[in-house]
Structure formats: structure tokens, C-alpha cells
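Protein chains: 4
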Amino acid sequence: MDIYEQIIKETDKITGELTAQRRDFHRYAETGWFEMRTSSIIARKLTELGYEVLTGSQVCRKESRMGVPSEEALDAQYQRAAAQGADPEFLKDTRDGMTGVIGILRCGAGPVIAMRFDIDALGVFEETDSCHRPAREGFRSVNEGFMHACGHDAHAAVGLGVAQVLMDIKGSLHGTVKLIFQPAEEGVRGAKSIVDNGHLDGVDFFLGSHVTPKKDSDPAAVIPGSIGYFATTKYDVVFHGKAAHAGGSPELGQNVMLAIATAILNLYAIPRHSGGASRVNVGTVCAGSGRNVIADEGKMEIEVRGETSEINQFMEDYAKNVLENAARMHGCTCEIKLMGAAYSMKSDISLMERIKAVCENHLSLPVSQQMAAKGSGSEDVSYMMRRVQEQGGQASFMRILTKEAGPGHSRTFDIDESALPNAVKIFCGVAYDILK
Amino acid sequence: MDIYEQIIKETDKITGELTAQRRDFHRYAETGWFEMRTSSIIARKLTELGYEVLTGSQVCRKESRMGVPSEEALDAQYQRAAAQGADPEFLKDTRDGMTGVIGILRCGAGPVIAMRFDIDALGVFEETDSCHRPAREGFRSVNEGFMHACGHDAHAAVGLGVAQVLMDIKGSLHGTVKLIFQPAEEGVRGAKSIVDNGHLDGVDFFLGSHVTPKKDSDPAAVIPGSIGYFATTKYDVVFHGKAAHAGGSPELGQNVMLAIATAILNLYAIPRHSGGASRVNVGTVCAGSGRNVIADEGKMEIEVRGETSEINQFMEDYAKNVLENAARMHGCTCEIKLMGAAYSMKSDISLMERIKAVCENHLSLPVSQQMAAKGSGSEDVSYMMRRVQEQGGQASFMRILTKEAGPGHSRTFDIDESALPNAVKIFCGVAYDILK
Amino acid sequence: MDIYEQIIKETDKITGELTAQRRDFHRYAETGWFEMRTSSIIARKLTELGYEVLTGSQVCRKESRMGVPSEEALDAQYQRAAAQGADPEFLKDTRDGMTGVIGILRCGAGPVIAMRFDIDALGVFEETDSCHRPAREGFRSVNEGFMHACGHDAHAAVGLGVAQVLMDIKGSLHGTVKLIFQPAEEGVRGAKSIVDNGHLDGVDFFLGSHVTPKKDSDPAAVIPGSIGYFATTKYDVVFHGKAAHAGGSPELGQNVMLAIATAILNLYAIPRHSGGASRVNVGTVCAGSGRNVIADEGKMEIEVRGETSEINQFMEDYAKNVLENAARMHGCTCEIKLMGAAYSMKSDISLMERIKAVCENHLSLPVSQQMAAKGSGSEDVSYMMRRVQEQGGQASFMRILTKEAGPGHSRTFDIDESALPNAVKIFCGVAYDILK
Amino acid sequence: MDIYEQIIKETDKITGELTAQRRDFHRYAETGWFEMRTSSIIARKLTELGYEVLTGSQVCRKESRMGVPSEEALDAQYQRAAAQGADPEFLKDTRDGMTGVIGILRCGAGPVIAMRFDIDALGVFEETDSCHRPAREGFRSVNEGFMHACGHDAHAAVGLGVAQVLMDIKGSLHGTVKLIFQPAEEGVRGAKSIVDNGHLDGVDFFLGSHVTPKKDSDPAAVIPGSIGYFATTKYDVVFHGKAAHAGGSPELGQNVMLAIATAILNLYAIPRHSGGASRVNVGTVCAGSGRNVIADEGKMEIEVRGETSEINQFMEDYAKNVLENAARMHGCTCEIKLMGAAYSMKSDISLMERIKAVCENHLSLPVSQQMAAKGSGSEDVSYMMRRVQEQGGQASFMRILTKEAGPGHSRTFDIDESALPNAVKIFCGVAYDILK
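Chains as they are written, first to last, in numbering that gives the first Met the number 0: chain A, 0 to 435; chain B, 0 to 435; chain C, 0 to 435; chain D, 0 to 435.
These are calculated hints, taken from the structure and not from any lab test.
There's no promise every hint is true.
A pair holds if it fits inside one copy or across any two, identical chains being indistinguishable in the list.
What the hints assert, rightly or not - Keeping only pairs whose Cα atoms sit at most 27 Å apart, straight-line, the calculated BS3-like set for lysine-lysine is:
hint : residue 1 : residue 2
1    : Lys8      : Lys355
2    : Lys345    : Lys373
3    : Lys402    : Lys91
4    : Lys61     : Lys91
5    : Lys241    : Lys373
6    : Lys241    : Lys298
Let the hints inform the model, and build the full structure from the sequences given.
This is the structure we're talking about:
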């Protein structure tokens with residue numbers, strides 16, 4: 000039997016398992032650096048399948064992680080994960096938010112292929128109404144305020160499916176497979192810390208994917224690549240001033256409110272860039288302690304983006320300069336904390352064409368007319384792709400097409416699970432094509 | 000025996016009781032519209048003393064109250080007051096934040112004198128260190144986050160002392176006494192609703208007071224009056240816009256962040272007024288739902304002040320115009336909610352001189368060189384004083400001098416309780432002087 | 000003899016004349032709506048060549064002109080044009096800034112082709128140093144502060160050359176030629192008024208061009224078309240407030256300074272558009288009458304741009320809303336005066352290919368590899384192109400390549416005049432190709 | 000004859016001369032540092048009267064002058080002064096704007112009294128209509144755009160009258176008289192440079208005055224002193240950035256427009272001061288070179304004021320910090336040039352009472368009920384007063400009451416010249432009272 004056919008057959012066998020696994024992850028949604036139960040289960044399964052498994056500080060470089068929650072919050076989540084059926088052996092590696100898992104399958108000489116599956120949920124309250132299928136069918140998130148509203152539950156389940164099917168065809172592979180289960184993709188916080196640990200060094204081929212809405216009328220199962228994701232940088236900015244009574248001695252204050260207002264207007268007023276699109280957003284602001292007190296403390300969550308990493312750098316530099324001078328203008332200071340970052344992204348044409356050929360010629364999966372999806376958001380898979388590409392490797396970020404309910408990041412988001420086996424077949428088919 | 004001497008004697012007898020009562024109120028601090036336990040105890044005592052007692056909606060006009068907490072918060076506080084020893088009979092009148100008590104003593108024909116005692120605490124965490132006497136001596140607030148950091152615990156205790164002593168000399172009085180125990184003075188939220196119920200109509204003389212720091216070297220017990228408190232208006236402002244993805248389609252948003260920043264700068268930039276001092280403050284701002292979302296909702300707590308009510312009106316009008324146009328500029332709307340208000344204040348010279356004469360000639364209490372204290376804050380007793388003065392009555396807002404620990408409104412605030420009997424004597428002495 | 004060869008020969012004959020004409024226009028540079036001498040000379044030459052000639056209000060619709068100078072300035076320029084050798088007969092048609100000329104050549108049945116040549120100078124002081132060729136060779140602008148720093152002197156001279164050569168081959172043409180000498184292209188103020196007079200109605204083919212810098216190593220003479228010029232709108236904004244003494248009674252003023260500052264920041268802060276590039280600029284501001292006076296009057300010159308006309312419309316609408324609310328916020332008013340406008344632009348591929356074929360096959364003029372130049376500025380030729388294209392006609396805006404000295408719009412700008420005959424040949428060759 | 004009576008008699012004799020002199024100065028109005036004709040005539044008259052006369056750099060310290068016009072403008076004015084009848088001998092001392100005159104009369108041992116008369120006009124176009132008396136009666140300013148709209152023409156004429164009358168009673172004086180004819184009071188630019196030359200050192204008594212509107216019904220001729228003039232500082236601020244094409248490469252610019260808008264809003268937003276009144280004004284702004292160019296240059300004229308010099312210092316420091324950080328925020332720089340300054344002012348009570356006594360007891364001139372006028376503007380006579388007062392001397396700034404037409408600083412301003420002899424009598428009477 001043709002190995003591609005074997006991939007199809009083995010995948011079809013585990014379709015029910017894929018759905019069950021996705022629903023389990025959905026039910027116990029964990030946001031970035033909190034994926035403790037999720038990681039422990041992944042590590043357990045990979046171990047059982049026979050993979051060489053990396054966990055804890057072997058995966059993410061501790062100091063390179065961005066936007067890590069407070070110790071108290073991490074401890075609380077650790078307790079909850081234990082209570083929600085985490086694997087006790089692997090759970091302990093995730094303490095302090097050291098989540099994420101890598102499974103390695105070595106099959107002798109040959110190219111190295113890495114595949115990225117992100118595993119974190121979002122801080123969204125999931126819909127309770129029964130018209131939302133997860134509510135109706137009992138896999139709505141039990142962790143109130145956390146929800147897989149972006150499909151990473153599916154990504155993680157697909158990753159485990161890929162692990163199983165590749166193990167099935169291990170004998171036909173020549174080279175090395177790395178399955179990277181990445182934490183904290185939301186907020187683009189996690190990928191850099193995996194790259195910084197060297198896991199993408201020496202990788203020849205790289206694949207990532209994201210579920211993407213498909214139209215009813217469109218038979219395609221996949222878009223082979225992506226281009227044009229924005230480079231982005233996320234900051235938390237804390238302003239410090241001096242309080243004073245607003246009626247009695249306003250001149251004694253150092254008013255962060257004035258610093259913040261000046262910063263907001265001037266951030267949005269950063270010049271447009273002739274080299275391409277840019278973005279800036281002050282998403283949240285919270286400042287001041289009382290109506291009649293000159294505000295002495297305030298916090299903003301901001302982000303900048305650029306169509307290219309150079310434009311993003313321009314935005315970064317300008318934004319920092321605005322923030323620092325806005326603070327100084329009113330005798331205040333500001334701390335600018337890096338909370339996340341991603342590069343712009345470009346999939347390699349030759350790899351996209353290889354994906355297309357595998358799907359059409361061997362997997363009977365129709366490919367979209369559109370070779371590369373254009374992204375207007377940001378993805379930190381770009382850190383991994385850039386590392387591979389700058390060493391001469393090829394990388395692509397595919398879009399797995401699926402009928403979706405509700406917009407991404409909304410409380411009613413859901414996917415058509417029939418996309419799960421498609422995704423497993425594509426990853427495995429392409430991996431085999433490379434390592435055969 | 001001379002009645003003034005009787006006042007002195009009766010007051011000296013209850014000195015211990017005054018301190019105990021003040022410490023009880025201190026221990027169970029309740030902020031504005033939450034003074035349920037406090038009100039029930041006051042009502043009980045006045046009733047026992049033989050006063051005609053008004054409670055519930057008889058005191059504050061329900062719709063005129065400003066800055067009332069949410070129903071949930073009021074219900075929770077109601078439960079807590081019950082658990083902390085509120086008088087069950089009178090507690091029920093305070094449901095829904097209908098706090099405050101008025102005690103009336105009718106002694107035949109003669110002038111009407113009203114006295115105001117405010118009873119609310121502040122939203123301050125009280126110092127736990129033992130160098131803070133209330134902590135050391137066991138009357139630190141048990142309601143975490145609420146603290147009598149402005150001395151209204153003393154004011155309330157003084158009011159009950161006055162009630163007792165006046166009842167003792169009832170036979171020598173000709174006219175009517177009204178003791179007004181006012182809720183929600185902090186934030187200048189309560190007085191107007193008492194005035195709106197007509198309780199100041201027909202009042203010929205009005206007295207209020209506030210504890211005020213004295214220097215060690217200053218023997219004075221009282222400053223007879225006050226001038227120059229700012230008129231003020233407090234607003235909560237809620238901005239409504241439209242969310243959009245900050246990377247994907249920023250042009251679809253209606254960004255309250257831009258409206259708010261524009262409002263802040265332009266509020267502080269309202270022109271200075273040649274007629275006298277003015278103030279404006281944006282004390283708190285909270286806006287936005289996430290870093291990568293165009294903010295569609297935000298709230299500010301602001302206030303304006305004026306040395307005269309006319310200047311305050313100028314500030315009010317200008318501020319509203321700034322807010323509305325800042326919202327409109329970015330396709331947003333704003334709601335401007337009145338949360339508190341006070342007029343400017345001027346004590347009557349003839350009443351101040353009467354107070355001085357009573358203290359020096361009859362009570363052996365030294366009076367400050369300074370006839371009237373100059374205030375740079377705001378006091379809603381001004382609503383009551385203005386109502387009395389516009390009918391031809393006289394009003395004064397005295398300052399009871401006391402050695403204080405810690406600045407007002409701070410977590411270490413405390414008073415020298417020897418000022419309590421002084422205050423009782425002054426109120427009673429002046430009342431007798433008017434009604435004798 | 001082949002007609003293309005005749006075009007080449009006739010053009011080569013008038014090369015000296017082309018240079019002389021360009022230098023004459025250069026020496027008497029006239030800015031938008033001031034091109035009185037220039038128009039009179041063009042009208043005289045077209046008349047002498049035998050063209051049907053339109054002048055004065057036959058060319059531009061009076062009310063559709065944008066950014067017209069004051070009457071006094073127009074009168075002064077009229078006097079100067081008379082003194083500088085304007086043709087007296089045609090000069091009188093240009094009174095009140097009614098400049099511009101159209102020459103029509105009717106050659107029986109056939110397509111209508113229109114060609115646009117813009118004729119206005121810029122408000123730039125021309126370099127006096129002898130390293131600037133016009134200074135060295137005596138054709139520096141005698142009108143101080145006006146300079147042909149964008150090459151429209153060359154465009155106008157080319158237009159007259161085209162007129163002459165087409166008249167030479169008139170017998171071989173079938174259809175109608177319209178030569179449009181357009182005033183006030185700078186500031187995109189003139190084209191709309193010509194379109195509004197109907198001159199582009201019924202036109203089948205449209206050609207415009209602009210000189211463009213070439214590299215030494217590039218043999219190409221022309222880029223056949225252009226895409227991507229920004230749609231743009233230009234406004235003058237006048238703010239009206241109320242003066243007051245800044246020390247004595249600042250509260251009586253209505254301060255345009257605050258309105259203007261608020262407008263500036265918020266204009267630059269208009270959201271980026273996900274549909275493509277946008278621009279906004281506050282180019283100049285002048286406000287206030289004295290240091291110690293609340294400013295009651297101020298003027299800004301602003302512009303917005305959009306990669307598409309829809310994005311430009313978004314910018315226009317947002318900008319107006321910012322301006323009006325910024326004024327209202329401080330009790331001021333503002334007038335927003337339209338000073339110029341252009342659409343985005345896209346040359347037709349089939350016409351670009353025709354241009355390429357004519358140049359390469361018949362004129363021995365090398366064509367750039369790049370079919371269409373990408374523009375980041377704005378051009379009101381877009382008004383004409385859009386009118387032609389929306390009727391089903393074809394339009395292209397070519398780039399005539401020439402070695403340039405100094406950057407465009409700078410005081411040292413100059414061109415290599417050998418590009419002039421190239422341009423004449425291209426216009427005539429394509430016209431013949433269409434009308435043959 | 001009593002010397003006071005002699006003062007009255009001598010002054011009455013020269014009433015016609017006073018009016019004529021005032022009208023001559025009015026007709027040849029000269030603004031700050033341009034008072035070349037005016038100074039030369041004063042110097043000539045003082046010399047003729049027998050005074051020791053200081054001119055040129057003996058009067059104002061050259062480097063201490065503020066807000067000096069350009070050399071070209073000074074040269075042009077010098078030519079005009081010569082053509083308008085300046086005294087040739089003294090005119091030459093005024094070259095380069097070294098205007099101002101001091102006349103000294105030494106009468107042996109005794110106190111030193113200095114009197115200040117300011118001599119400059121304003122940049123106002125004088126009314127041409129015949130309902131304006133100067134126009135009707137032929138002494139309207141012949142220097143278009145310059146006008147004595149603040150009464151300094153009267154001050155200068157009074158100074159010369161005082162010089163004459165004091166010389167008449169020289170024999171009865173014991174001490175020294177200094178008559179200081181100060182340039183450039185408008186914009187508070189001149190006084191400091193006279194103080195810096197030491198002319199107020201060793202002065203025991205100081206008098207200045209200003210004409211002030213009187214009501215018809217008010218018989219008073221003078222208010223003896225003034226209090227509460229604002230301390231003030233005037234700056235010109237020049238911002239430097241970098242130009243760029245607003246469509247083609249906005250990111251390459253350093254946009255002073257953003258720096259200026261940020262500065263304006265934040266200057267007006269400087270906190271109110273609890274110590275007393277403050278002011279800030281951005282009176283004029285001019286920036287940018289063209290609509291489609293990122294602005295690289297801009298200029299603002301600003302001022303701050305404070306009820307006390309300390310408050311003014313707070314405003315100064317805050318304003319400079321705002322300006323520098325607003326510039327830096329957009330990669331720009333700013334120069335802050337000092338253009339004028341004055342202290343707050345307080346006349347001495349004992350000197351005011353002396354003035355009152357002299358007027359009422361000896362001069363039959365009624366004195367206002369109000370001892371000290373409250374000023375809301377600024378006066379650089381405060382530099383002189385402060386120098387005298389800090390050495391222990393006494394100083395007063397009187398208000399000479401007169402019926403005025405038109406508001407101060409307006410094109411229709413005029414005074415009732417019957418105030419001129421009053422002023423002469425008061426200055427001379429008080430001087431005699433001190434030196435007798």
C-alpha cells in the first residue's frame with residue numbers, strides 16, 4: 000500500500016479520537032502560560048506513543064517568555080490543573096508557567112522538519128445559550144472567563160493526531176520530526192522563547208497552520224501558505240507621578256492623567272509610513288485613585304504593527320519616544336514592558352507548491368485557488384519561520400479551512416470538526432513527502 | 000445655677016460616653032449611603048432621649064441623592080449592618096441607602112435652630128501598624144477599605160452628645176431644635192437631598208462644624224466660622240464607541256480612547272477665570288477591553304470647582320461642552336452623570352461674633368484669633384447654609400480645633416478626643432444663647 | 000514615407016524651437032490661475048497653426064475652479080503679464096484667472112483623442128547661483144517667488160510641439176484631436192473645472208504625461224502608464240473665535256488656539272485604514288494677533304489622501320468631523336474651504352501596451368521594463384482619466400524620462416531638454432496610431 | 000508763597016504746553032526700542048532745562064534689553080526719526096535701539112527720589128474716522144500701524160512738565176531727583192535693562208503712574224497706589240524639525256506641527272496653583288511652509304503670569320518643560336527666547352498715605368476712596384519698585400484718573416488732557432514733600 004494511502008487510512012481510524020481530544024481541551028481551556036493540564040496530557044500521550052519528549056524549561060527559555068502572569072495566578076492555576084485531571088508526572092514540569100511540549104521522532108539521516116501546534120485559549124466568557132454547540136453538547140469551558148475562541152484546541156488535537164499517524168509510518172521516514180506544542184501564542188508571547196532555546200536551529204522545513212473560515216460553496220480544504228501578517232510589538236506601560244489634593248494643592252501633583260492623554264493622542268498621530276501599512280492601538284487605560292486626587296499611577300496596554308518588520312521597528316521607536324517624553328512633560332516617569340512580539344511573515348513558494356501537489360495528487364484534498372492567505376493580524380509563528388528561513392530552510396503557514404460558527408475571538412466561536420482529519424492528513428502527507 | 004454652667008457640667012459628665020460612641024462609629028465605618036448601622040444607632044438613641052425622630056425617606060429625598068452605590072452593594076451592606084449590631088427596628092428604614100436621621104426638639108414659640116452632623120466614612124484602608132492608636136487600642140475599622148479618616152465619627156458622636164445635653168436643659172429653651180445627621184458628605188452627595196425635602200425651610204439659625212488640626216502652641220478650641228469653600232460639581236462620564244480589531248479594521252471602530260484623551264487635555268485647558276480660583280480634575284479613567292481592540296467603552300470620574308458658584312458654573316458649562324464634542328469628534332457618545340455638588344460658602348459675621356462671645360464669656364473656651372477659616376475644599380453643608388441664608392437666616396460653619404495624627408483622608412488619621420466635649424459645649428451654648 | 004517616420008523628422012526639425020519655448024515659459028513662470036501670459040501665447044500659437052481655439056470661460060467652468068487667488072492678486076498679475084509680452088488679444092480672456100487653452104483639430108469621422116498638458120509653475124524661489132543652469136544661461140524666472148520647479152514649462156512646450164507636428168500629418172488622421180492646456184495642476188485645483196465644462200465627454204482615448212527622473216544607466220525614454228496616485232482633497236480651514244485679554248479676562252475669550260491644537264492632534268490621529276494607504280497633513284497654521292490676546296482667528300492649510308477614492312472619502316469625512324467638533328469644543332466656528340481635489344488613478348493596460356508597441360516598433364524609443372510607474376503623490380489629471388474611463392474610454396498617464404537636476408519642487412530643479420522631442424514623438428505617434 | 004502753591008501755579012502756566020507736547024508725541028508714535036525721535040526730544044528739553052542728562056547705553060544696559068527688533072527695522076526707524084524732526088545731536092545716541100533718557104537734578108544732601116515715565120507706543124492702527132479726536136484735530140499718528148493707545152504719550156509729556164516745575168522750585172529741594180524716561184514698557188521689555196545699569200540703586204523713594212479711566216461721577220484725580228499686578232514672563236519659542244513630502248514619505252519628517260499642538264494643549268493644561276491666580280497664553284502661532292510638506296519650522300509667542308513671582312516661576316518652569324518635551328517627542332528641537340518679564344507689584348502703604356495727604360492737604364486734588372488699584376495686567380515698573388523696596392526704600396505706582404475714550408490698546412483710545420496738569424502737580428508735590 001502506498002504510504003499516502005496509509006496516512007489517509009490511519010487518520011480516518013482516529014477521527015473520533017481527534018474530536019474527543021479537541022473537546023477535552025475545549026472543556027478545560029487554559030490561557031497563555033496557564034496550559035498546565037493541556038501540556039501534561041500532551042506530554043503523556045507523546046510519551047506513550049514513543050516520542051522523545053521535552054517539557055518544562057527544556058521547551059521555553061524562561062527569561063524569554065513575555066507577558067507571564069503573576070506568581071499567585073500561576074500557583075492558583077497549578078492547583079486547578081491538578082484538580083482537573085492533569086497528568087501528575089508531567090504537571091510538575093509546568094510549575095511557574097513553564098508550559099509547552101516538544102515531541103521528537105528521529106528516523107535516521109535526512110532532513111529535519113518541525114511542525115508547530117499552538118495550545119492556548121483566550122480570556123473570553125463562553126456563550127451559555129444552547130444554540131452554542133459546546134454548551135448544548137456539554138463541552139463548554141468549565142474555566143469561566145477562559146475559552147478556546149480561536150481554535151487552538153483543534154490545533155493541539157491535530158498535533159496529537161499527527162504524532163500518532165507519523166509513528167504509524169515511521170518505517171518509511173528518513174530524517175527527524177519535531178512536533179512543537181507552543182504555549183502563549185495569543186498576545187504573541189511564546190514562540191520567541193522556544194526559538195531562543197535553539198529548537199529551530201538546523202530545521203530544514205517548517206509547517207504551521209491555523210483554522211480559517213470557509214464558505215459553503217468552497218470545496219477547498221487548505222490554503223497552502225500565508226503572507227503579510229503584521230510584525231507587531233506589545234507593551235504594557237506604567238506611568239508613575241505624584242498624588243496631590245485636586246482642590247487644595249493641584250500644583251504639587253505630577254499628573255499621570257495629562258501624561259497619558261498626551262501619549263494617547265501622539266501615539267495615534269505617529270506618521271503613516273510610505274513603506275507600507277502600520278498600526279498603533281492603545282487598547283486599555285486605567286489610571287487614578289479618586290475623583291479629587293491628582294492621579295499618580297496609570298497603566299496602558301498598547302501595541303504597534305507594521306507590514307514589514309522595519310515599519311514595525313519605526314513604530315516601536317516612535318512610540319517609546321512619545322511615551323517617555325509625555326511622562327517627562329509632566330514630571331512623571333514611565334516603565335515600558337515588552338509583553339509580546341512577532342515578525343511579519345512570508346511563506347516560501349516552493350514549499351507552498353509542494354503542499355499543493357501532495358494534497359491534490361495524493362490526498363484527494365482540494366486546494367484553494369489562492370496560494371497564500373493574506374493576514375492582517377499577527378502570529379508569533381513568524382519567529383520560528385524567520386529562524387528557519389534565515390538558515391536557508393523553507394517554511395509555510397497553512398490555513399486549514401473549516402466552516403466556523405461565530406467570529407474568531409467571540410463567545411460563540413466554534414468549528415466544524417471534520418476539518419481535524421484533513422489537517423492531520425496534510426501535515427503527515429507533506430512530512431512524508433519531505434522525509435520519504 | 001446658670002444654664003451655661005449646667006451645659007458645661009452635663010457635658011463633662013458624658014465625656015467617657017462621647018469617646019466610646021466615637022470609637023464605636025470608627026470601628027464600624029460606613030461610607031456614603033451605606034451608613035445603615037450608624038443611622039439605626041443614632042435613631043435609637045434619639046428616640047430613647049425623647050426626640051421626635053425622622054428616618055428613611057423622611058430625611059433625604061430619594062431622587063435627589065447623588066452618587067448612590069449599586070443595588071447589589073446596598074444589599075450587601077444591609078446584611079453586614081444587621082450582622083454588626085444595627086438596631087433592627089430602625090435598620091429597615093435604611094434599605095436602598097435611605098440613610099440619615101433627623102431629631103427634633105420642640106420647645107414652644109421661638110426661633111428655629113438647625114445643626115448638621117455628618118456621619119459617613121471614606122474609602123480608605125486603615126493603617127494596621129500599632130503606632131496608629133485605633134489599631135493599638137482596638138477600634139480600627141473592621142470594615143476593610145472603609146475608614147473614618149475625616150473625623151465624621153467624631154461629628155456623629157458630638158451630635159448625640161448635643162442631643163443629650165439639650166434635652167437636659169430643655170426647660171430653658173424657647174423655640175425649635177433640629178439635629179440633622181447627614182449621610183454622604185464625602186463626594187458632596189447628601190446635603191442637597193435633605194434641603195430638597197424642605198428641612199431647612201423656616202430655619203432661622205444654622206450651625207455646622209468640622210474638626211480641624213490645631214498647633215500645640217495654640218490654646219484655641221474653635222474658629223467661629225468659615226469662608227471660601229469652593230463650589231464644586233462632580234460627574235461620572237461614560238463614553239460609548241464601537242469596537243473593531245485594531246489590526247484588521249481600525250477604521251471601523253469609534254475609538255473612545257481618542258475621545259477620552261482629547262477630553263482630558265481640553266478639560267485641564269479650560270481657561271483660568273479672572274473672577275477667582277477654579278479647579279478641574281480628571282481623577283480616574285478606565286477604558287478599553289483588550290490590547291488589540293479599538294476601545295468602545297470608557298469611564299472617567301471628574302470634578303470642577305470655583306471660588307464662587309458662578310465660576311463653578313462656568314467650569315461646569317465648559318466641561319460639558321468639551322466632553323460632548325470630544326465624544327462626537329470620534330463618532331462616540333457620552334453620558335454625563337451628576338455625582339455630587341456643593342456651593343461656595345460664607346459664614347455670617349453676626350453669628351460668628353455670637354459664637355465668639357458665648358465661648359469667651361460663658362464657656363471659658365478660647366476662640367481663635369482668626370474669625371473665619373478659609374477652605375480650599377468643598378462642603379455640601381453649603382447647600383443647607385445657602386437655603387437658610389437666602390431666607391434671611393444666619394449660618395456658620397465652625398472649626399473645632401483638635402490635635403490630629405496623620406493628614407486628613409490618610410490611613411493614619413486620628414484626632415485628640417478631648418475636642419469632643421468642647422464641641423458639645425459650643426453647640427449647646429450657642430443654641431441656648433439663641434433660644435433662651 | 001511612413002507617417003511615423005514623418006513624425007520623427009518633423010519633430011527633429013523643431014527641436015531648437017521646443018527648447019526655446021520651454022525656456023521662455025520657464026523665464027516667465029506663472030503659478031495656478033495666474034498663467035495669463037502663458038495662456039495668451041499658447042492661444043496665439045494654436046490659432047496661427049490653424050486650430051480651433053477655446054479660451055477664457057470656454058475652458059474652465061468658473062465656479063468649479065478651486066484655490067483661486069484674490070482679485071487684487073489676479074489684477075496685479077494681469078498687469079504684469081501685459082508688461083511681460085502677453086498676446087494682447089488673448090490676454091483679455093484670462094482676466095479674473097480664467098486661464099487655460101484648448102486647441103481642437105477635427106479630421107472627419109473617427110475616435111476622439113484628448114491630450115493634457117499642464118502649464119502652471121510653483122511658489123518657489125529659484126536658485127540664483129550659476130551652478131543652476133537656468134541662472135547661468137539666463138532663463139531663470141524673472142518673477143521672483145515663482146518657478147517652474149516641476150517641469151510644466153516642458154509640458155506646455157511639448158504640447159505646442161505636438162500641435163505643430165499633428166498639423167503636419169493632419170491628412171493622415173481620421174477623428175478628432177483635443178489638446179488641453181490645463182491651468183492650476185499644482186494643488187490639484189484646475190482639472191475638475193475643465194471636466195465640469197464637458198470637455199472630456201465623448202473622448203475615446205486620453206493621454207497625459209509628466210517628466211520623471213531617469214538613471215544614467217537607463218536607456219528608456221518613457222514609462223507607458225501610471226498607477227496608484229493618491230486620491231486627495233485639499234482644504235483651507237479658517238477658525239473664528241473671540242478675543243479677550245489673556246491676563247485680564249481669559250474666560251471671556253473663545254480661543255481658536257485650543258481648537259486648532261485639538262484639531263491638529265486629532266487629524267493626525269485619524270485611524271489607519273485597512274483598505275490601503277491614507278495620509279493626512281496639516282501643512283501650515285497661522286493664528287492669533289498678539290502674545291497677550293486670546294486668539295480669535297486662525298487658518299490652517301490641510302490635505303488628506305487615500306490609496307483609493309473611498310479611503311480618501313473616509314479621511315475627508317473624518318477630518319471634517321474633527322475640525323467642526325474641535326471648533327465647537329471651545330465655542331469657536333470653522334469654515335472649511337475646498338482648495339483642490341484629485342481621484343486615485345489607474346492607467347489602462349491596453350493603452351499602455353499600445354504606447355509600448357508604438358515606441359518600440361515605430362519610434363525607436365526604448366520603453367521602460369516597468370509598464371506603470373507607481374505614484375505616491377496626487378494628480379488632478381485623474382479627474383479627466385476617470386471621466387474618460389467611466390464612459391468606456393481608455394486613458395494613460397505616461398512618464399517621460401529625463402535626467403533631472405535637483406529634486407522636484409526644489410529651487411535647483413532642472414531637466415535635460417533632449418526629452419522634449421521624445422515626448423512630442425510619443426504623443427504624436429500614439430495619436431496617429433489611434434486615428435490612422 | 001507756600002511751595003505747594005507755587006507748584007500749582009507753575010503747572011497751571013504750562014497746561015497748554017503739556018497738551019501740545021502730548022499731541023506731538025501722539026502724532027509721531029514710536030513703539031518699543033524705536034522711540035528715537037521721542038528720546039531725542041526729551042533729551043534736548045532736559046538739557047535745555049539744565050538737567051544732567053543720560054542717553055544711549057548710559058540708560059539701558061544693552062544686553063539686558065528684551066524683545067529688540069531686527070537691525071534692519073531699527074535702521075529704517077532711525078531714518079524715519081531723522082526725517083520726522085528728531086534732534087540730530089541726541090538722535091545718534093539712540094542708534095541700534097538704545098532709546099530712553101534719564102534726567103538728574105542734584106540739590107545737595109537728602110533723599111534720592113526716582114520717577115518713571117514710560118514713552119513707547121503700541122502696534123495698533125489708529126482710527127481714521129473723525130469721531131476720533133486725534134483724527135479730527137490733526138494729531139493722529141502719522142506712523143501707520145503705530146499708535147499711542149495706552150497713554151504713554153501723556154506719561155512722557157507729564158515727565159517733561161515735572162522736569163520744568165521741579166527746576167522752578169529747585170531752591171526748596173534737598174536731595175536728588177531722577178526722572179527716568181523708560182522705553183519698551185509694552186511687552187515688559189525695558190525696565191530690567193535700566194535696573195541692570197544700577198539706576199535704581201540707592202533710591203529711597205520711587206514713583207510711577209499710569210492713566211486710568213474715571214467715571215463721570217467720580218471727582219477723584221488719583222489713586223495713590225497699586226497692588227497685585229501679575230508677575231509675568233514672555234517667550235518666543237521657535238521649533239525646528241525636518242521637512243518631508245506629506246504624501247511621498249511622511250515618516251521621514253520631524254513634524255513641528257505635532258510638537259506645537261502638543262505644546263499648546265499642555266501649556267493651557269498646566270495645573271492651577273493654590274497659592275493664587277496664574278495665567279498662560281499662546282498668543283500667536285505660525286508654522287509650516289506648504290500644505291503638502293511636513294512642517295519643519297514654527298514659531299509661537301507665549302506668556303505666563305502669576306499673582307506672585309513664585310507662582311510665575313512655577314508657570315515658567317512648567318512651561319519650559321512642556322515645550323522641550325513636546326519638541327523632543329517628535330524629534331524636533333525648540334529655542335525658548337526671553338522676550339519680556341515683570342514681577343508682581345505692591346505699593347508701600349506709608350508712601351500711598353503720604354501721596355493722599357499731599358493731594359488732599361496741599362493740592363486740593365481729591366483722592367480716590369480706594370487706596371490701591373488692583374491690576375490684572377503686568378507692568379515692568381515692578382522691576383524698579385522691587386529694586387527700591389529690597390534696599391528698604393518705598394515705592395508706589397499711582398493711577399492718574401482721566402475720562403478716556405475707547406478701551407486701552409484699542410484704535411479709538413484717547414484721554415481727557417485735563418489730567419496732565421493734575422499728574423504734574425502730584426509728582427512735584429510729593430517730590431517736594433519728600434525733599435523739602
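task = Would you list, in rising numerical order, the hints stated earlier that this structure does not obey?
result = 3
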